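Enquirer: Here's the letter readout for the chains.
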Amino acid sequence: MLSESSPTYCFLLNDRIVAAAAPSGQLVLDFLRRHRRQVGTKEGCKEGDCGACVVLVGELDDDRVRYQPITSCLMPVAELAGKHLVTIEGLRLASLTPIQQAIVDEGATQCGFCTPGIVISLTALLLQEPVDFDPASVRRALSGHLCRCTGYRSLLASGEVVRRRLEDAGVGHPWDLERLIDDGHLPAWLAEAPSLLRSIQSADGSPVGPTLEQDAVAGHPWRVAGGTDIYVQRGDDLARSAVEVLGRYPEMRGIHRADGHLRLGALTTFEELTHQPQVLELIPDMAQHMHWIASWQIRNRATLGGNVVNASPIGDMTILLLALEAELAIRRGEDMRQQALATFYKGYKELELEMDEVVTEICLPVRDPATKVHFEKVSKRKTLDIATVNSAMRLRLQDGLIAEVGLAAGGVAPVPLFLKNTAKALVGQAVEKATVHLACRLAQQEIAPISDVRGSADYKRMLVHQQLIAHFCQLLPQHFSVGDFL
Amino acid sequence: MKHLDAALHTRGESAYVDDGTPPDGLLHAAVFGSPVAHGVVRRLDVTAARQREGVVAVLTAADIPGDNQVGPILADEPLLATETVHFRSQPLAVVYAESPEMGRAALAAIDCDIDELPAITDPRQAFAAGEIIDRPRQLTLGDVDAAWEICDVIVEGKCDLGGQEHVYLETQRARAWPLEGDNLRLQSSTQSPYATQRTVARVLGLPLHRIEVDVQRLGGGFGGKEDQASPWAAFAALGARLTGRPVELVLRRDEDLAMTGKRHPYQADFKLGLSEAGEILAYEARFFQNAGCSADLSMPVLDRTLFHSNNCYRIPHLRVWGVCCRTHLPSNTAFRGFGGPQGMFVIEAALHKGAAALGMPREELQRRNLMVNGDLFPYGQRVLESRAERTWDEGAALFDLAAMGRRVEAHNAEHLGSKKGYAVMPICFGISFTATHMNQAGALVHVYTDGSVSVSTGGVEMGQGISTNVAAIVARSLGIAPRRVKVESTNTTRIANMSASAASSTTLLNGNAALLACHSIRRRLDALLAEKLSLTADQVVSVLDEQVLVDGEATDWTWNRLVQEAYFARVALSAHEHFATPNIWFDAVSGKGRPFAYHVFGSALTEVTVDVLRGTYTIDRVKILHDLGRPLNRSIDLGQVEGGLAQGLGWMTLEDLRYGDDGRLESHALATYKVPDVYFMPEDLEVRFLENAGNPLGPFHNKAVGEPPLMYGIGVFFALRHAIEAYVGEVSLPYATPLTPERVLMQLHGRRLADIVAGTDGQEADASSQDEEPSLTTA
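Just so you know, the sequences run in chain order A and B. Just so it is clear: in the first sequence, position 106 is 106 by my numbering, and no numbers are missing. So the mapping is simple: my numbering equals the position in the second sequence, first residue as 1, plus 486.
Read the hints as simulated data drawn from the structure, not as lab findings. Just so you know, these numbers come straight off a predicted model, no measurement behind them. Note that CB positions come from ideal geometry on N, CA and C, so glycine has one too. It is possible that some hints are incorrect.
Claimed, not checked - Sample of chain B residues facing chain A (criterion: CB under 7 angstroms; computed from the structure):
#, residue
1, G498
2, D505
3, V653
4, L1131
5, G1245
Turn these sequences into a full structure, and let the hints steer you where they fit.
Expert: This is the structure in structure tokens:
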């Protein structure tokens, strides 16, 4: 697969610096299995649904490296430049790590095909500050993994064994890499990673490159942000193509407040969003909503901008952003323009976006603190599943009347739908059951769901109705309870 | 003892078929599938594909040197379709190329013209059209026609049971190496190396001994690789034979989903007759099995459906009938439970309806009809040691069934927005292959001069722990440490004519064969000891912890010394032995016999909560008391019970296999076909094993454990029904699975659908405040 014209990427693979010549779009998974013959990383689905291919990717952040578990089946090799890739081969220490030993002791591996990925994700918990191995965290680590053999109880029990061991040894609070290495949890070379990565970056000159304005990114057919959807849709094409990794533009990252907006870099990942204090001011229940969106492994890659531009009619984040009446900052060369998200979608996967334009920021209007936001999602499986119908509502009361509403629903039209008529009609209404019924009635007129594998059109209509009731009950619990509508 | 492979698994060192270093010149196979579900092939032209970059060969049926046939029982399944196609994605041609991408890219250059014909995907429709496979089957007990007269209550109903995709994490794959002469070696992810060997030999027109099939391990099988691993191995073998180069075939997930068979969907009718007191008097059921396009294993699957049609209930008058219906879907195949779950679901549905008609709690009706010793199964076998009542009663006491009932009732009285439900699911599962001849196995044991031991059996390691079980059996039997025992790959040159690793019987058959081989070696060693130690006939020799004991007293002979002395005395230190399950038979004509060596019993309590507003639900707890005989290896057995349960829960709820009317698989990826994840499983899951329960037939009194626990999952359906009924009241809801959130919401609120869509739902309540409604057009 190596062609002479393939660019070379320099990164750290476990304990070694490698310079890999590979097509920029080639998947990290294929690179590992085929070109490095590191076959401990498995291919189970190549669409981020099973976790058999999970690896750790570390990025230099001042004096330490921050690691996240990521599905290597949706990540291009180009993204690795200057980073640290840790695979299961890197966790073959002289004896089993406590995580590995716990899985053995608890009978938490049967056919073994999913096991390396799971070991990686659990190991990722040791690399978060502070280390948190409580059951909720262990579940989160397992959220992106399918195991068809065990039924998961033994895996959770393994996590509990590790938690007790860490607690007994007093390791993890505060986070102490040396202790974790000394206790056999992690390979010793992790301590060298920061200096090795710095040496790569200074030798390589990266990540300095053309700026976003200068770059020939304009018109490039494959621009990859997180890649978690484009690689599912067009994986074959991308793997043999040159792709433009947007991750190397620092101005597309970061969060700041300006002009009455919270401006989120388009490359803000879902996981970053979950923990960002300024976002939590606007959406206090963000972590709760995020539980229903993707998996930890996918959230570490999936970006706000990618979700918006991907234009899936059922994109979870897009629906939330629509209800918040987000605006997009769009760059073409040196020119910038603003575009309301609500008018961004023209038809199925048709955008108000030219080929030479890039969405660089998502801007959320900063609103009255009394404004509340709620997100609803129903899917066949509650977690790591694509919604049958999702919806989000933003609401503010004033003087006992509805003063402000934003409402969006997914899975009910060819585009992520901003229900502008329903929202408009609700403004000025009293807080009473009739208003809820009015919303339900009007919403039915705005939506046009079709029957597909995720559910019948009738079911989707019913879900919109039920979710609207849920929004009112959740946003105005002192006024409504579910029992009022059953 | 821990799973032998566990440490390797956690370090990513376990090798699967395509993990070994690729041999020089390895080619990659890509399969061209039919674009339609049913049709007549007018043209199939592969010449352009042959010219594509990196393509070495493109083969069609005409290139097959042997028999273009892979049907394991009936010869009704070509490896490559010729004149007609019978399911969408049915293989028509295969490309061999330098890389998987080059091979797949060349598929687009295959020119194929097919006249599409109407497709049938519904088994009742197929039956009506006369599309059946083999003959219908029937089992009877007593006189069911006469018995209706004495029944106080008769209920009738229908069931519609969905299929299930295996989702083995490792998709189908094989590697083939051409060897000198006409020989060929394969590594295959197959549950049945012998079936794969047979299929490959048949397709290549070679005798069996030319084909060696080796299996190290599987990344999951669950029945999906019992017979359906063979065609993929045959494609690899065909390419190796005709190109002279090694070939690898690895299906991508989407290809595997589209091209391979699943658990059989069924439709069924039932009629149940009860006495007023709640005694089952008569039961009749008709099963329409959706077999897919060919026989595969559908007939034995249907047999097991009928065999398990009474679950663990005493039914004096019974008639169950079933038929394999040919549809234009991939050929459905073995899946953990092998037809049993479908048979058991239908009697549980009948009892659900019967209990409602009697006004009796469902679990009371279930409990009073549990089989006791001497009761008859539909196939005429008497239950010898029924543990149906024991597992029910002990489970109900251990897990406090009464408290569960009270908790559910109290919750439902207090909550409008959520409803709880619970159910008891007892199981009885017959152990043995229903085809009697398959109940045999071989084992080969070598003792090396350093005292280490190598064991080969016909059992395939697919995660279920057969290797660990065999090692434990051998170590225990020889009196040595388990670390002395290595379990070899499963290989057709070491063990011939092996049965598939299936029917929960792998440890029973192969464990017993290994035990016999150990006994042979031990007999020879004992004879040597008798001579060397000048023992008398009444003295008993044993080996324990690698020490030779005489009448329980230690000697200065260790295992190592014993082996050394035996070698120099020219005593054979290897043994091959064969085990055949005794005393089983079945007469297909009369439908009577003794097909099962023994039965496994157990009961599960399931509690759920339904979100009445959203139609979503949570499985709160599952509590299982399982009859394992005497556990051979608690850790492995527990894993089998929990894993089986997870698959059963998935089958009943979220695993939604969807085919369009045109035979297209709509749930064609793991993005649309969802299996249980960590959040889906109940937080409160507890499995206990029945105490003081032996089983003389199992190695060291162990009972088979692979399949039976799957059927505990059926309980979740009836627990959900209980919760739904708590909201909607007693109504005739359909017995249709999977009970997805969509079905739940429709069952909860379906009667309001028209009002909701029209926007008139709740209108009555606020008729007074409607005067200012804005008018809108549909978006």
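Enquirer: Give a verdict on every hint.
Expert: Hint check results:
no., hint, result
1, G498, "holds, 2 angstroms"
2, D505, "holds, 4 angstroms"
3, V653, "holds, 5 angstroms"
4, L1131, "holds, 6 angstroms"
5, G1245, "holds, 3 angstroms"
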